[in-house]
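Residue numbering for the sequence shown follows the working numbering, starting at 14 and increasing by one per position.
Certain hints may be false.
Unchecked claim - With a cut-off of at most 25 angstroms between alpha-carbon atoms, the simulated DSS-like pairs for lysine-lysine come out as follows:
1. K43 <-> K65
2. K43 <-> K240
3. K287 <-> K274
4. K274 <-> K240
5. K274 <-> K302
6. K287 <-> K302
Simulated from the structure, these hints should not be mistaken for laboratory data.
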Amino acid sequence: MSHTINHLRRLRLQRSELAVPGSNPEMIEKAANSDADYIFLDIEDAVAPPDKERARANIVAALNQIDWRGRGKTISVRINGLDTHYMYRDVVDLMEQAGNRIDTLLVPKVGVPADLYMVEAMVNQIEVAKSYKTRVGLEALIETALGMANVEAIASFGGRLEALHFGVADYAASLKARTVNIGGLNPDYPGDQWHFGLSRMTVACRAYGLRAIDGPFGDFSDPEGYKAAARRAAALGIEGKWAIHPSQIALANEIFSPPEKEVDRARRIIDALKLAESQGKGAASLDGKMIDAASERMARNVLATHEAITAGRR
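Could you build the full structure based on these sequences and the hints that come with them?
In structure tokens form, the structure reads like this:
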């Protein structure tokens, strides 16, 4: 193991992340009562330009009027991009009027680490000015060719950054990729055309202690397609996926929750290795297979997720 180790910066249960347009107060209220682990209220792509200011005001009201944390939700807001004139007012209004009620800000289309620096500087100053005791985290959407080209540098930013998300729709547009459905697979490509991007982003996350989250699957009438995409993401080490429709919440929670038999095996791995250690052995056999210290690390990952689910930890 390298002497340089970047531990997970912040553990949050993020199996399912429900996207909710800030322009629709009724949907916001329903989201608070959903089974999603994570909610992000959106002022960016899901809101038309004429509705941006109203959506921002709706979100501020919802943050202050709904006890999100009391309902076991982590609450995030996706602000507008740094290339728009909406972004600065998003940060100022949200932080000044409800900054102690926000868990994270989701920054879209992050291309270089300096994009996060700008948002972080604003958040730092407002938190100090308002004497907030809570600390708002940042999450970055990797959804452009520039962002993917710089994903390792972005992941190493530090500061408030907690997670990276894969924004497949804008990523496809940035690459001029041919797609048939947001997050779906093009039959002309021999395999998963998103594998490289998801894998590279996940490696960057794990190298620098961040959570890795997969983005949307556009066809909410295709639950099997959604589950297949979620399984591929989970196989790479990603720990959650967006839900753009309430019907996708249960699917994400199912796929990104370790099955009981996997939890049981993780416990047995740890017990078997403890016994082996007491006998002066560095490895052991379980169910006819060799297990060692690497097996224990994988087992503890499973148990950490299981315990977070059981505790309802944000």
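Evaluation of the provided hints:
Proximity of K43 to K65 is assessed by CA-CA distance (about 21 angstroms); at most 25 angstroms being required, the pair is judged to hold. The hinted pair formed by K43 and K240 meets the criterion: a straight-line CA distance of about 23 angstroms does not exceed 25 angstroms. With a CA separation close to 20 angstroms, the supplied pair K287 and K274 stays within the 25 angstroms bound. In summary, the hint linking K274 to K240 is supported, as the alpha carbons are separated by about 20 angstroms, within the 25 angstroms threshold.
Only pairs whose Cα atoms come within 25 angstroms are accepted, and K274 paired with K302 is accepted, the gap being roughly 16 angstroms. Among the hinted pairs, K287 with K302 is consistent with the structure: their alpha-carbon atoms are about 16 angstroms apart, no more than 25 angstroms.
In this structure, none of the earlier numbered hints is contradicted; all agree with it.
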